[in-house]
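Asker: Residues per chain, in single letters:
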Amino acid sequence: MPTHSNPEPNSKTSAPLEVHDLTVAYTKRPVLYGIDLTAPAGSIVGVVGPNGAGKSTLIKAIMGLLPTASGWIKVFGMPFQQAVTRVGYVPQRESVDWDFPVNAMDVVLMGRYGRLGPFKHPTKADKEIAMSCLDKVKMLPFAKRQISNLSGGQQQRVFLARALAQESDLYLMDEPFVGVDAATEAAIIEILRELQQQGKTLIVVHHDLTTAPDYFDRILLLNMRVVAYGKTQEVFTFENLQNAYGGRLSILSEVALSRAQKKAEGDTPDNIRL
Amino acid sequence: MRAFWKQDFQAKATFSRMNRREKTSVLVPHLRLLASLFLLLMISSVAHAAKIGEIAETSWAEQALDFFALKHPAIRAAALGALLIGFCCGTLGSFLVVRKLALLGDTLSHAVLPGVALGFLWNASKDPWAIFIGATGAGIMGVALVGWIKQTTRLKEDSAMGMVLAGFYGLGVCLTSMIQNMVMGNKSGLDKFFFGQAAALSSGDLWLLGITSSISIVLILLLYKEFLAISFDIGFAKAIGMPVRALHYLLMALLTFAVVVSLQAVGVVLVSALLITPAAAAYLLTDRMHWMLVLAAVFGMVSGILGAFISYLSNNLPTGPLIVLGSTSIFALALVFGPRYGLLTKILRRKRQRKRIALENTLKSVFHLSENSGFTRKEFDISELAKERNQDLASTEKEIRALVAAHLARHVDSEGDTEWSDKARFQLKKSGWHRACEIVRNHRLWELYLTNAAQYQSDHVHDDAEEIEHLIGEDIVQRIEERLKNPIQDPHGKLIPRRDQITA
Numbered sequence: 001m002p003t004h005s006n007p008e009p010n011s012k013t014s015a016p017l018e019v020h021d022l023t024v025a026y027t028k029r030p031v032l033y034g035i036d037l038t039a040p041a042g043s044i045v046g047v048v049g050p051n052g053a054g055k056s057t058l059i060k061a062i063m064g065l066l067p068t069a070s071g072w073i074k075v076f077g078m079p080f081q082q083a084v085t086r087v088g089y090v091p092q093r094e095s096v097d098w099d100f101p102v103n104a105m106d107v108v109l110m111g112r113y114g115r116l117g118p119f120k121h122p123t124k125a126d127k128e129i130a131m132s133c134l135d136k137v138k139m140l141p142f143a144k145r146q147i148s149n150l151s152g153g154q155q156q157r158v159f160l161a162r163a164l165a166q167e168s169d170l171y172l173m174d175e176p177f178v179g180v181d182a183a184t185e186a187a188i189i190e191i192l193r194e195l196q197q198q199g200k201t202l203i204v205v206h207h208d209l210t211t212a213p214d215y216f217d218r219i220l221l222l223n224m225r226v227v228a229y230g231k232t233q234e235v236f237t238f239e240n241l242q243n244a245y246g247g248r249l250s251i252l253s254e255v256a257l258s259r260a261q262k263k264a265e266g267d268t269p270d271n272i273r274l
Numbered sequence: 275m276r277a278f279w280k281q282d283f284q285a286k287a288t289f290s291r292m293n294r295r296e297k298t299s300v301l302v303p304h305l306r307l308l309a310s311l312f313l314l315l316m317i318s319s320v321a322h323a324a325k326i327g328e329i330a331e332t333s334w335a336e337q338a339l340d341f342f343a344l345k346h347p348a349i350r351a352a353a354l355g356a357l358l359i360g361f362c363c364g365t366l367g368s369f370l371v372v373r374k375l376a377l378l379g380d381t382l383s384h385a386v387l388p389g390v391a392l393g394f395l396w397n398a399s400k401d402p403w404a405i406f407i408g409a410t411g412a413g414i415m416g417v418a419l420v421g422w423i424k425q426t427t428r429l430k431e432d433s434a435m436g437m438v439l440a441g442f443y444g445l446g447v448c449l450t451s452m453i454q455n456m457v458m459g460n461k462s463g464l465d466k467f468f469f470g471q472a473a474a475l476s477s478g479d480l481w482l483l484g485i486t487s488s489i490s491i492v493l494i495l496l497l498y499k500e501f502l503a504i505s506f507d508i509g510f511a512k513a514i515g516m517p518v519r520a521l522h523y524l525l526m527a528l529l530t531f532a533v534v535v536s537l538q539a540v541g542v543v544l545v546s547a548l549l550i551t552p553a554a555a556a557y558l559l560t561d562r563m564h565w566m567l568v569l570a571a572v573f574g575m576v577s578g579i580l581g582a583f584i585s586y587l588s589n590n591l592p593t594g595p596l597i598v599l600g601s602t603s604i605f606a607l608a609l610v611f612g613p614r615y616g617l618l619t620k621i622l623r624r625k626r627q628r629k630r631i632a633l634e635n636t637l638k639s640v641f642h643l644s645e646n647s648g649f650t651r652k653e654f655d656i657s658e659l660a661k662e663r664n665q666d667l668a669s670t671e672k673e674i675r676a677l678v679a680a681h682l683a684r685h686v687d688s689e690g691d692t693e694w695s696d697k698a699r700f701q702l703k704k705s706g707w708h709r710a711c712e713i714v715r716n717h718r719l720w721e722l723y724l725t726n727a728a729q730y731q732s733d734h735v736h737d738d739a740e741e742i743e744h745l746i747g748e749d750i751v752q753r754i755e756e757r758l759k760n761p762i763q764d765p766h767g768k769l770i771p772r773r774d775q776i777t778a
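Top to bottom, those sequences are chains R and Z. Residues in the first sequence are numbered from 1 upward in steps of one, following the working numbering. Residues in the second sequence are numbered from 275 upward in steps of one, following the working numbering.
Any given hint could be a false lead.
To give an idea of the chain R side of the interface with chain Z (calculated C-beta under 7 angstroms), a few residues [what the hints assert, rightly or not]:
1) 52
2) 89
3) 95
4) 98
5) 102
6) 110
7) 131
8) 146
9) 191
If you are wondering where the hints come from, they were derived from the structure by calculation, not from laboratory data. Note that CB positions come from ideal geometry on N, CA and C, so glycine has one too.
Could you put together the complete structure from these sequences and hints?
Answerer: In structure tokens, the structure reads:
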């Protein structure tokens, strides 16, 4: 872990996201220690770890929503505040009051607010973009519906549409798959892949070890510190997972693991042996 | 896949139940206020009757004319003041309601009191500007203190607000009493700050009100999207680069202005009600934030005028409580008659649903009768249906009449509403038969789904299906059908009516 060196990133070849020696503390108790993370352009990075590992904290700290104790964060070679329009955000679904008097369209339009700047109201063009984003997540028929009258999966899709409306290059998503139905999960992952093909970079907090190796090409194993980070095949090993989860791995996760390894070896994923 | 549509369906089925369950807790104090409104109105009408006895020539209508013609400058001041107060508090209070910060309005209104007293002491007179500055300072200090306690201690916002409210109010009451005990205190008019008197508004106060209202409306129009964003999702607002802290304190400053300028007319204790009640009424009526702002403003203004008017009529009732009771009555109306979330609407909706379910159950029984005959018979008499439905003739006849009235069945022997014998025969119309098939289809598909896909025992599924058959829509039914690969028979071996057969 580098301690005293503080190299400035090269702005020409700057990665979408660079986190260097980041430490975050709530009151006195540190929750993230010396995090280093570089996400190359066009990658989907899964942030995986047990409860309380600081996954959401990491996302929030990157966005400047939490004060950091030390370290720096660069987004496309710039401090976050200078690159806000290039970052899209999907917060946890529980973070808002779904009884709020807005409909799905209103929420998605908020994705345009960052580009509009102060005192300006959304234009017709903004509304069209919001509509197309709702359409992408197959929520156009629900555009006018008050958001508490949507199912959990539909609400998550609205949040995703709002992030799409931000038209960013880097997306930070906090547990986008929590509490959603299988169809929504499939729809979301399809959209994430599409974004990746467009060269966008995605950092996705994820809690489900069984699907993680299928969804992400890079994985950050987190447990208050970086346990391992790199290409999925290299990181998703039994040893690393044991390290991250402190021996609390369930059989289910082990199955996922052996499946991922078989996959990497070119085996058919169906022949799983414990 | 199963989880997917099950969840979707649950969302549909429970959506009316889930809707706004929380809100009931807000209602209790309002109901209490409503009761006091009736009491007050009664007292005021008694008082008024006595007055009419004395001055015979003033009738209600004449007084109303006097008031609304705004002839006297005092009336003009009171009416204009009440109108502006209602507007300010209604719009700004909406943000408190949607952010679940209702108690903050209370905190603000109590926290300004020491500032009022200090402002008065500044040059020992009721100079509106000095009082405004003192009160605003105290109010903002109170809000900042709440924020500070929340950030630096383990205490949550509600405790912080409760403490700041009481502490500042205690200080304010002491200071006010001291002033009133002083020589010039007798005519200080500070007592008006406790319960409010719209007639006590000076032209300086009105200027302040006008300026505050204008600033509020301009800022809300300019910064609507910012205020909306920080109210709905403050994390997201910050992540897209909005200066959320500045916006929050701007909103708090506007709220403090509104509270301070309303204080004299409404009184410390009740200002918060004026911030919350019109906004709460609007919240029950609309699902869009901008409409909520408009409605809350209108409700605030209407209750303002109403309060000032009744206060004028009754001569000695304080304006503040009357304005608040006015807005509480509006809230009560919204609560009962609101087209979307009103109690009456809910009752009517439930009644309509019950009626529909009753009709559908009758239709289903007719289907069973026909099925038992191998679909050869189409006409049945009332006694047959009564036997099938396991009930007496009178209620069965009622059900048939309901079917006929809904154009789902017709009477075979004689048209019209004359005496029906228990051998009277009826037949389902095409629409009735279609609906009957649909219901049976829903029922049997659901039973099959529960047994095959959800692993229910086949003797457990009937009761659930009895309920579900009336609730699921065609899209869900078709999805079940697809999932079950277009089944022919239900778990009990009965045929499931097919979509194409029904519409053919």
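Asker: For every hint, state whether the structure bears it out.
Answerer: To see whether the hints hold, each was checked on the structure:
1. The interface hint given for residue 52/R is violated, since its Cβ lies 19 angstroms from the closest Cβ of chain Z, which is over the 7 angstroms cut-off.
2. Taking 7 angstroms as the C-beta contact cut-off toward chain Z, the hint placing residue 89/R at the interface holds, the least distance being around 4 angstroms.
3. For residue 95/R, the shortest C-beta to C-beta distance to chain Z is roughly 6 angstroms, which falls under 7 angstroms, so the interface hint holds.
4. Taking 7 angstroms as the C-beta cut-off, the interface hint given for residue 98/R is violated, the closest approach to chain Z being about 10 angstroms.
5. Hint on residue 102/R holds. Least Cβ distance to chain Z is approximately 6 angstroms, under the 7 angstroms limit.
6. At about 6 angstroms, the closest approach between the beta carbon of residue 110/R and any beta carbon in chain Z falls short of 7 angstroms, and the interface hint on this residue holds.
7. Proximity of residue 131/R to chain Z is violated relative to the hint, the smallest CB-CB distance being about 17 angstroms (cut-off 7 angstroms).
8. With its C-beta approaching chain Z no nearer than about 4 angstroms, residue 146/R sits inside the 7 angstroms limit, and its interface hint holds.
9. Look at residue 191/R: its Cβ only gets to about 17 angstroms from chain Z, farther than 7 angstroms, so that hint breaks.
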